[in-house]
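Q: Based on these hints, arrange chains W and A on the given structure of chain L.
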Amino acid sequence: MSAGAAIALPAPAPRERGRGVAPIVALLAPIALINAVGFLAPVLNLARMSFYEVEPTGAMREVYTLATWAKVFSDGYYAGLIFDSITVSLGITLLTLLCSYPIALYLHRSSGTWRTILLVLVISPLLTSAVVRTYGWIAILAENGLVNNALATLGLAKLKLMFNATGVTIGLTEILMPYMILALLAGFGRLDPRVEEAAATLGAPPFTIFRRIILPLTLPGIALGCLLCFVLAVSSFITPKLLGGGRVFLLATEIYDEAIVTLNWPLAATLSILVLIIFGGALMLYSRALRAIL
Amino acid sequence: MSEQGFLSIRGLTKRYAAFTAVEDLDLDVPRGELVAFLGPSGCGKTTSLRMIAGLVPATSGRIVVDGKDLTEVPTHRRDMGLVFQSYALFPHMSIARNVAFGLEMRKVPKDEIARRVKEAIALVHLTGKEEHRPTQLSGGQQQRVALARALVVRPSILLLDEPLSNLDAKLRDEMRNEIREIQQRLGITAIFVTHDQGEALTMCDKVVVMNQGRLEQLGTPVDLYERPRTAFVASFVGRTNRLASVAKDGSVEIAGQRIAAPAGLSGPVEVMIRPHRIAFAPAGEGVPGTIAKAVFAGDILQYDVEVAGQILSVELATRGGETVLSPGTAVGLSWRPQDVFVYGAAA
Amino acid sequence: MDERPASLPLKLGALVMFAFLLAPLIVVVPISFSGDAYMMFPPSSWSTKWYPAIFADGKMAAAFWTSLVLATVVTVLSLAIALPAAFALVRLKPPGAEALSSFFTAPLLLPTIVLGLAILIVFARLGLLATFPGLVAAHLVVTLPYALRVLATALSTLPIAVEEAAATLGASPFTVFRRITLPMMKSGLVGTTALCFLVSFDEVVLSLFMTGPRIQTLPVAMYHHVEQQADPLVAALSVLLVALTLIVVLVVDRTSGLAKTFVK
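First to last, the protein sequences are chains L, W and A. Just add 5 to the spot in the first sequence (first one is 1) and you have my numbering. Just add 58 to the spot in the second sequence (first one is 1) and you have my numbering. Just add 312 to the spot in the third sequence (first one is 1) and you have my numbering.
Some hints here could point you the wrong way.
Heads up, incomplete: computed chain A residues facing chain L, CB under 10 Å, no partners named [said to hold, decoys possible]:
id: 1; residue: Ile366
id: 2; residue: Asp369
id: 3; residue: Pro396
id: 4; residue: Phe415
id: 5; residue: Val434
id: 6; residue: Arg437
id: 7; residue: Val454
id: 8; residue: Val502
id: 9; residue: Asp514
id: 10; residue: Ala547
id: 11; residue: Ser550
id: 12; residue: Val564
id: 13; residue: Thr567
Hints were generated in silico from the structure; no laboratory data involved. For every residue, glycine included, the Cβ atom is placed at its ideal position computed from N, Cα and C.
Extracted from the complex, chain L is given alone in its bound form (with noise of 0.2 Å):
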């Protein structure tokens, strides 16, 4: 749940008496308190703690070392991992956008209570639980599940769709779908009827219209929706945990697994950091992107 956010504000009425900062002290001072408890302080300790020494034992001591981040650059491993992560995302990214373009230009094109009922059945599976819709994943893609027993009353061999990347990508598809809907949806704004109207009228037959009209005025959207898929693939571990069966192997599930199992926080820290560094590379592409379009 980390739907990019910012507050549009916009000017308020001028206000010609002046007013004291205590009042504006006191009513931000509650947010203020737990952004710096809850937010700030944890992440800035993050960043110190990826740089403390972990003894051979496992125990940490506050002593400031780069022996972790030389750790997760020269072993192997860790190269692996960061590079799965990426692929595996941006193969995750693509899909999603696949399966969600359809939905978001159908839902463009209804009106009146036939859309209130389309974005009910997208907006839904968005508010509910990533346990509960991973778990409707191992009902469909476990090996008694829908599609094996499906398979198996046609005669057909038995899929093996769960406890590998297959599942993984599966299951993060669709958890990412409502997100990327939402994020096409909003950049459509820009497709209006009449446009796709006098392209028709020019001589573009349905596929050029899409080609060179519907296509490019939805980019930036797309543009949008990707970096946002992007962001919550890398950093999703619910489904790769679940579905993954402890058999896929990614950033996200590691640093739980440093977190909680192996209890090495500084690992784990530089890990994160690694997360936060990977999101700024795809903030960067999705600007560059979003120039080059526009």
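A: This is chains W and A only, laid out in the frame that chain L set:
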């Protein structure tokens, strides 16, 4: 059946679940003419235009252009140019790319595209704006781009859907003349949808007046104004006085005067006289009335005159030196018989 | 009248993708009525035994109540903290309001796995791990940005003239807020309440870092249960949770409009 026009429409009908937007429209447009579809909003004029363009499938009827039946042909193969009310320019393309789009669809060679785009942009006086985006242009300039984009492909028919309604008054007059001038210069057949009778009368060769999905009258601007066939046309095109009366024995009485009623008409009728076709009669003559209200509007004098319990609006062109009659003054009114229209009243 | 209709290929594509999107939510319904001891689809026999089993399972029942109380407390606190903050940012417009609101909504930009780890390390030192106050604080970190965002939007779209009219009629600033502003923000308040409640009730990543044997939330209990064995008990629970979500979504749609709350 009458002679087939360049554009020939027969029995064109569009029914939606709840209502009929266009009913049984027959129309022939000769090559090179500019025809207006005129009517109030919801009269079916835009739906008719969209059916001609193929954007709305017709429920029944046929659309034939230059002998080719286009009824089942999809929009992109109809070869028509449509100028949208909202212009519908491609926001992600430059002006030049917008104008080139239709030519690219027709696989015109690159150098010819460049030449024709340049010509079309010059035609609408936008040379120098080729690389601008639509949002960087004013409303009037966007309108010109839309026109150039529709014209550059040399469409068989140019369709214009309320093209001037988003412009301010001054620009509207300017574009009105420009569109007419370009249409005549290129000799292109065009249909112009509008709710503004001024546009229809001043720009077009013929006008189709529509109301509630039906064609009320097709004729030249003079026809419509001087010989309106229905009460709707008489009141929609130009301003008019509407008086209620009753037809009996082949004649109608208004304000103590009897005038001949159209053959076969009896019962309640509506009588219409245009305000500026009423004149003040010399003292003691004409239909007696009393001034109820006087307004001096510069070029005209407007009077509300009470005649036999009904109010008649009278407009007199000013020449200078008139005295404005004050309310309560007794006057005599006169008009020519051919300026009085009589229609059966709607039930 | 003349909306551009969806073409047949688009309709088909959307239909298939909707089926894919909803498949995991739909499939849990038949499984929740399974008579089998373990999860398989289609079930070999039918029964309603899994629904009472939720409450017979002491761990699940306790986790359910923990989550319910937690979500309620978090929602109330979110409103109580975010509403004054939104008012201060939108109406009193202190210098740097934009920067402040970016800062207050920043936790949403951080992946929850990173946030969870960061909070774990600090809260461990403060002795807040596996405690109810610790869970409340952790959840507030993620619900407050949502609450602030929705409430600030609601507040900034209100016509100020109405409040000024009330003031000219003699209402004090506090009365104006209570009698005019608050009622007009109803849809924003409902949206915030629904969003905070669901986010807290469904939150699993932060909770995984924060809970222990002493205290568990429902999603965490479900996660551990599925990790061990995927039996139909979870399906029955899932059906209840999906129904809960659906009710909340419909309430939001009735009061404030789905599109307005979720699609910017």
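Q: Which hints, by number, does the structure contradict?
A: 1, 2, 8 and 13
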